[in-house]
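> Okay, here's what each chain looks like letter by letter:
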Amino acid sequence: METALSDIPLLSVMTFFPLLGALCIFFIAKFTRLKTDASKVIALTVSFVTFLLALAVFFVFDNTNPAFQLVERASWLPSFNAEYIRGIDGISLWFVMITAIITPIAILNSFGSIKKNIHEFMIAVLILETMMIGTFTSLDLVLFYVFFEGVLIPMFLIIGIWGGEKRIYATYKFFLYTLLGSLLMLVAVLYIAVAFNTTDMMQLIEQGVPIDAAIWIWLAFFASFAVKTPMFPFHTWLSYAHVEAPTTGSVLLAGILLKMGAYGFIRISLQMLPEAGMLFAPMMIVLSIIAIIYASFVAFAQTDMKKLIAYSSVAHMGFVTLGLFSMNEQGLDGAMFVILSHSFVSAALFMGVGVAYDRLHTREIARFGGMASNMPQYAMFFMIFTLAAVGLPGTSGFTGEFLSLLGAYKANIWIAVFAGLGIILGAVYMLSLYRRLFFGKQDKEDVSKMPDLSVRESLCFAPLAVLVFWIGLYPSTFSNQYSATMKTILERLVQ
Amino acid sequence: MIEASDFLLIAPEILLFAGVLVTVVMAAFMGDKRAKTVNIAVLLFFALAGYAVFFPNRVSDFMGGMFPLFLFNEQFIEDAVSRFAKGFILIASSGIILLSWTYFKQINNQKAEYPVLIMLAVLGMFFMVSANDFIMLYAGLELQSLALYILAAFNRSSAKSSEAGLKYVILSAISSGVLLYGLSFIYGYFGTTNFAELYALVSQTQEMPMIAAVGMVFVLAALAFKISAVPFHMWAPDVYTGAPSPVTAFFATAPKFAAFILLVRLLFQPFDGLSQNWIQAIIFLSVASMVLGAFAGLAQSNIKRLLAYSSIANVGYLLIGVIAGGQYGLQAVLLYFGIYIINLLGIFAVLIALNKNDKPTDRIEDFSGLSKTNPYLAFCMMILLFSLAGIPPLAGFFAKYFVFFAAVKSGYTALAVIGVLSSVISAYYYLRIIRIMYFSEPMEGAALRSDFAVNAIAGFAAIAMIGFILMPELFSDLSLRVAADILIE
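So the protein sequences, as listed, match chains A and B.
Read left to right, the first sequence gives residues 95 to 589 (the working numbering).
Read left to right, the second sequence gives residues 177 to 665 (the working numbering).
Chain A on its own, in the form it takes in the complex (with noise of 0.2 Å):
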């Protein structure tokens, strides 16, 4: 099986079949009457079949070597010192995966909610699969650019066309906000492509990259990356961005688009810079705290359903970078774990938002109420993800925040102890949404004829759901896959 599969450059498969399947729809639609329909199956298939490469992917990625795997090398800019290379060890393997689950889930969410320009829209979810898993697959840092900032095109057009109201405004923060960032982070890319003649990742991990040097890259990395986390307080385009976005397009922020970021400070800001990654860790423990408190106190006053699940994505994203720059396995393993239950729980949850949304047409939490007596489906669903959010045991949001504050503990007690405030207020403004949506008195005529979810909706929902209790119950499914990696991770950390 694994010679077999080895013969085929199944990274690059796997990275380029939505473009693929991007470029079917846009020219069967050009050339023929496509229907609006066959565009949505053909969406769906594409993004499935992505996910089956990816569990291809994922079976034949060895757990117990720690480098980097199914390594393909092309030329592509020897005069810049760039090559297409695409590797993927443990930690990558993870947010490929997250990617291949969520998208296809996404667009068939997008099937109830978006109801013009179908064909492009499928385009650019399809074609933003492409650039998201190119990002997660690159090992080199000019194709890993091009495909980070790459992903802004496709998001650009999915909040600007599909969007809402204010979704001009939206789109320019979020747009300006990351190019920006971004931008620096590509002087950074000429700097090592000039000073160290390479921009092979694998290459600069093993040579190391001297320190007074690596301060300033580490910089102009951390900017790039704190935009797209988001950190504080670099975090304001988020709830723009969110509140203007289709349900899709919040998914795949959320689920996805934000974990570049956390993948960027794993990859770059750890592994390949660990000492400047150690003097900037209590700058970013701060940062981290502030934004699990601050953003949890704005999240609890929000009356906007969706601006309130971006806050609390502020503060969720916090835990990961506080678990990172812990510098401990707890810490590590911790930031992995809420990275993964932050993507299938805020995906999920901007789902329910949507279920909300497309029913009344508002986000306002006011607008809703007793919930629970008509939609007893939706109640369910939008129970588990609401305590897997506020980090119930048995749920997935229990292992991250637990392993997180952990690896805080084991750094300094006094972070631990305003992380966990972070938790409480945490539970304060989701079980208080939960409540203020599903509870009470049904006293709204509209609201009470809302019909409950559809088979679609379910469908949607039931993958996510059983993924949070597998985190939840049984994590080491997950975290056998990375831990030889982080392990190598964690060792020149600590040297």
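Do not rely on the hints blindly, as some may be mistaken.
[Stated by the list, open to error] Straight-line Cα separation of at most 25 Å, DSS-like style, residue types lysine-lysine; simulated pairs: (1) B:Lys548 with A:Lys134; (2) B:Lys548 with A:Lys260; (3) A:Lys210 with B:Lys548; (4) A:Lys209 with A:Lys124; (5) B:Lys532 with B:Lys281; (6) A:Lys209 with B:Lys548; (7) B:Lys336 with B:Lys532.
[Stated by the list, open to error] Part of the chain A face toward chain B, derived, beta carbon under 10 Å: (8) Ala150; (9) Val236; (10) Val240; (11) Leu246; (12) Gly254; (13) Arg261; (14) Thr265.
Worth flagging that the hints you see were computed from the coordinates, not collected in a lab.
Quick caveat, the model's predicted, so the values are computed rather than measured.
Cβ coordinates follow ideal geometry from the N, Cα and C atoms, glycine included.
For chain A, the structure is supplied; the task is to place chain B on it using the hints.
Positioned in the frame of chain A, the structure of chain B alone reads:
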């Protein structure tokens, strides 16, 4: 000494000149009614000249010589740079003749002399990029400018167009005066106008005398005017707005490229030894152009004016490559310009297709919602604008990447950072057009009226911008080899 083979080697120029003579007679006798025939004849001569540019190897093989070849008492230089430039000038000019046809048909102003004027300008540019002597430089520059003056004012009935022409004449005449004045200083001190001799003399000079430095600054100022670098950019927005759209496209591509090549040749050949003297000035030009181009573009409501500021900003990026110098810097300049010309041609193709109530329009608002009425051109325009904004994976990103790479390599990281910041700002105004096309509702009467030429040029440009990533080496190798040719070892 002039040899017979010299005439064979300047076959492209001779062909163009013959073409001008033939087509001017054709235009005179056939009149505007058969302007199409004249257009076709001009395109034919461009094709012949193109053939002569790229296949003169038999001559150089015959001479057993390698580049560079000096002709006509070293007045004229034939090297890889001049060929590269001539190739792109021909591509841009041919594209513009096709687009002009579409444009002038819309306003019923198809004049037979129009393509002839373009050909005259092209002939001037050919001499500019092959100049190896200040006299040749000046003659080429003026030949080109004279044709451009008329072209700028070509919409005779439009006051704006006449104003653009007049403004360009006056300012351009002043800059030519400044150029000549500077040349007189240089000639006065060194006693020669030949680039190669100047190079030898300059490299022997230990201390730069004031008089020569002043002369050089004057020459640089005049060329900065031609490429519209800040603070010599004032004419560009007005002339770009007033001139007919295809003429604006012409201004922004071919003459600018020729002037830029000339600037590069001057700086790296005769003035190479004086780089400490000019580098500060060029750094100022570059930073000022990038920053002004980025900020001033934000407030524009006319797309041609916006493109004028965008081209000012792009000159700033290009000058970074000049500052970085060396093979990598010049490679970046050539590559950037090549990509930029194709990118801009596509954008102007879409702009020319833009109509409101059957009249060409250039207000950005009129692009509203055109993705719904003409999805094909809107899509091309989106790709081209994203590319101009430098978003990967499009070619415009690589253009910027190469320039900034050269800057970092030569230790000008600060310039790269300024470039990066100003490209974020200018991304805003490119995004605005995309936003208007895709996120707004269509306006009454506005439409993208495409014909074959527009569709083909916009489509070709968009495909080139997307396809560059697949084979970046093809083009970067070529420009690297050409760049090596500029530098005198």
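> Each hint should be assessed against the structure and marked as holding or not.
Against the structure, the hints come out as follows:
Using a Cα cut-off of 25 Å, the hinted pair Lys548 of chain B and Lys134 of chain A holds, with the two alpha carbons roughly 20 Å apart. About 21 Å separates the Cα atoms of Lys548 of chain B and Lys260 of chain A, which keeps this hinted pair within 25 Å; it holds. For the given pair, Lys210 of chain A sits about 11 Å from Lys548 of chain B by alpha-carbon distance, which is consistent with the 25 Å threshold. Restraint check for Lys209 of chain A and Lys124 of chain A: the C-alpha separation of about 19 Å stays at or below 25 Å, so the hint holds.
With a C-alpha separation of about 15 Å, the suggested pair Lys532 of chain B and Lys281 of chain B falls inside the 25 Å cut-off, and the hint holds. Between Lys209 of chain A and Lys548 of chain B, the direct Cα distance comes to roughly 15 Å. Compliance with the 25 Å bound is thereby established for this hinted pair. This hinted pair checks out: Lys336 of chain B and Lys532 of chain B have alpha carbons roughly 18 Å apart, not beyond 25 Å. With a cut of 10 Å, the hint placing Ala150 of chain A at the interface with chain B is violated, because the nearest CB-to-CB distance is about 26 Å.
A least Cβ separation of about 8 Å between Val236 of chain A and chain B falls short of the 10 Å threshold, and the interface hint therefore holds. The closest approach between the C-beta of Val240 of chain A and any C-beta of chain B is roughly 4 Å, which is under the 10 Å cut-off, so the hint is satisfied. Interface hint status for Leu246 of chain A: upheld, as the beta-carbon distance to the closest one in chain B is roughly 6 Å, under 10 Å. Look at Gly254 of chain A: its Cβ gets to within about 5 Å of chain B, closer than 10 Å, so that hint holds up.
For the restraint placing Arg261 of chain A at the interface with chain B, the shortest Cβ-Cβ distance is roughly 7 Å, inside the 10 Å limit, so the hint holds. For the restraint placing Thr265 of chain A at the interface with chain B, the shortest Cβ-Cβ distance is roughly 7 Å, inside the 10 Å limit, so the hint holds.
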